[in-house]
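Colleague: Line by line, the protein sequences give chains A and B.
Each residue of the first sequence is one higher than the last, beginning at 1 in this note's numbering.
Each residue of the second sequence is one higher than the last, beginning at 503 in this note's numbering.
If you're looking for bench data, these hints aren't it; they were derived computationally from the structure.
C-beta atoms are modelled at their ideal positions from N, C-alpha and C, and glycine is treated no differently.
Among the chain A residues that face chain B by a calculated CB cut under 10 Å, a handful are:
hint : residue
1    : Thr320
2    : Met384
3    : Ile393
4    : Ile396
5    : Met414
6    : Val418
7    : Phe433
8    : Pro434
9    : Leu479
Spelled out, the chains give:
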Amino acid sequence: MLTATLLSTFLGIALICLLPSRFGGAAKWIALLSALTGFGFAVAAFQGYDMRPGVYPIQSIINLPWVEKIGIGFITGADGISLILLLLTGIIAITGILFSWNVTHQPRAFFALFLTIIFGVYGVFQSLDLFLLFVFYEIVIIPKYFLISIWGSTNREYGAMKLTIYSVAGSALILLGLLGIYVLAPEATFNLLSLAKYKFPVAFQLWAFPVMFLGFGILGGLWPFHTWAPTGHVAAPTAVSMLLAGVVMKLGSYGALRVAMTLFPLGLDYWRMPVAILATVGLLYGALVALAQRDLKFVVGYSSINHMGFVMLGLVTLNTLGLSGAVLQMFSHGIIGGLLFAVVGRMLYDRTHTRDISQLGGMGLTKALPFAALTFTVASAASMGLPGFSGFIAEISILLGTWKAFPVLLIFTMLGVVITVAFTLRALQRTFFPAHNADAPTAETAHEPFDPITLPERLGALILMTATVGVGLFPKILLDPILRSFESPQSLMHHLIQGVAK
Amino acid sequence: MSNSSLTLLTLIPLVGALWAALLPSQRIGHIRTAGLFTTLAALGLVLSLAFHYDRAAGGLQFVEQRDWIPSLHIQYFLAADGLSLMLLLLTSLVTPFALLALGARSTKLSVSLILLLQATLFGTFTALNFIHWFLYYELSLIPAFLLIRMGGSAKATAAATQFFIYTIFGGFAMLLGFLAIHHATGMFNLIDLAALAHKGKLGNILAAGFGGYSRINLLVFGGIFLGLAVKVPVVPFHTWLPDAYTESPAPVSMLLTGLLSKMGVYGFLRLLMPLFPGLMRHLQTPLLAFAVVTIVFAAFAALAQTDLKRIVAYSSINHLGYCLLGLFAVATTFGPGNDRAAAMNGVLLQIFNHGLTAATIFCFIGFIETRSGGLRGLNDFGGLRTVAPVLTGLMGISLFSSLGLPGLNGFVGEFLIFKGSFALVPGATALAAIGLFVTAVFLLTLIQRVFNGPLPERWAAFPDLTTGERFLVAPAIALMFVLGICPQLLITLFNQTVLKLLP
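All chains, please: the whole structure from these sequences, using the hints.
Modeller: The following block contains the structure:
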């Protein structure tokens, strides 16, 4: 089931590449079909996950030899965390395609590149061989550059280049760590399951942990290495912003958890406090900067930094509450971030051709585009962590976890939560419910009537809203497999919740 | 009753909201029917719950308890006692009243939002796990925010935002308090926590959870108090209220004053009082001071207003102040049992009666506003009784009910509160009595200026209530008399619960 997600996505890419150019319009249908199939397989894998006690938490393992001489294998498998992120990838793939339904410029290339990113992301989340994981991780980087520089908007060349350079720098750090692991491991292997049993020398862990954590952290939006994210998000076409915020940033936090934290517990113990401080600064900084933005897409971009700060903080609390909250927050932010970018980039910008909050506020958007107003209100409520939406349970778990691990940081974290509410409310209020006009556009802001919101947009928005409310009301569906992946004594990450150094 | 009737109760308005939202916006008649049908179905269910409630046994009934998020000790926990049922009854009466008062101004959005608000209210009054409760409590902000904004003016938008910000930050303080409780006890279940507090253990466990720092109790109490005080509101956390009540359309003000403010008082009764009995006795002076200041300040503030809506808004704060006086008097003393029971019964009666009366007064102000083209200044009118005798008579009844005239519903609650509180805390109660006099002054001034005196030329053709409007307010007026004469109809519903509520 797991590898079928890769196969179906690959098949989609191949079909689109083979498509003659006069049938370019069919590309989006092929892409949608491929994304739906991929999601179907992810759901099937999630359904099939066996949570009985005693069952090995990493399941559906496939182990094929690849380059045996240097210990590289095609090893895939998934625990609860992987499965949840695979589900997220499927949802973002489907909705991203729905929100790109209006792409007419080179559609074959667009959807082929889009699916290539999805392929890479699916791959990272199920790789159990570090080399394989790194290959998939690299597959994600290059298509991003082309998608942004060809189909992007504001400052697209700059945004694309900055994003790529940061990603490549992160990759270089990860590669450095990988080489170190390979050299020091007792047997020549990249197999994560074997490596996790080995205790690396302390001196190595002390430098390898920050190198790898940082390498992944760059993509995860870790302050102060986050600056690629807002510019990249803003420059990217809608579907790519959704992908970046929705899943690509999760590659970073996932890698940090799966590789750096799992393999280097002693390094983690030593660097834990600095990471927690960076994460807290990041979540405060993201919120404060978002509060000052005039461009709506930048608000959403910086809100990603803010939310990913919560993820990073949750990860290093090293208790069940914080860790499970962090993973839930990865899912939750993927959905909410995707939804916010969909409204700002597709529903609003494609129609109004502006992202300036005060200009948008003058357009009487609640009357002109009521569906966009509704969607943005729901997404804002979810983003500020109101109960009933996915973000609430995730943030509350992280806060409780932080309380136990870093009581002093909790004060700053709470401040971050408060500012998150403030900037979200400010953006919502000024864009859709401005005080200075009573829903009637004045003479100078009068405009042609906007195209109505299309069916694919409605469908995409409904899928994402259902996901955030569904998880908000029934978080147990996701929390059970997550908890299983930490609490099972056979888990690779069991040591994380037991206090590392022991 | 089936075992999931309370879940069903919250689902009814949700389904109704969805139903209204899916109808095409031009079919406003159908949308209004959908709204009315839904609220009447909910009223029917609440009445049948009240009928099936075992009054002699009292306590929590219709219990539904399931695991929800076990890792955080969050259960799906619904149950109702006399207090909950009384509030469910109020909610299911005032909501259709407001929907009908909205009348021709109804839109698809407003009907859906009102139903959504009703769902969150039902949830708030029945959920007994803090997080489950908080879910409804906070969600109510979204429909309330959008409904206040429907006032349309720039000031309405500002008032909506101010309301949202005040309440959400109050909510934060409260959430932080409960996170601290969870940190120390690992529990969110309000009933279990209350049992722990009843045995006098909660304070020590809380302090132990924070390394023996016993001040934490005060901090947690303060956080929860702040959250609820904003919602009620308690002076000086009330500044969002006059703008919100004034700028909203009158039917929305009916919901705000009739129902939303009750969430705060309910929170005091359900969350704060059972969890911190010892601490509340310790804080007797400041708590009573809050109540007295709220009563007296709001009464004088109402006296100084010239806008009808602002007068009623401040009078609302004043009336809820009486609830707090009774509540704090009971919670902070060890007086004789019957005085405590009297005061507490008074508090619960006052909650219901204020909801009914204030909503009705706002409904009348709405009638006046539509006739005067938006004018509602105290000095804009005069002598209306000659041209609109029915309006004068019926609104007069509800104003006298608000004033606490014997024979009408407002009297019994206030009387019981003052009777009980005077025995328990004579000083504070005597000070609060100033509020009673001032209330009489400003309400009589209102009647005098609007309905008596010379009739200005321009109101010579001021239309009286239409038949539809008479039918709309008739049930409310009738209920004022019924509850004024037989308050035991309501008291029997919650008498047993009151005895259990006494700390």
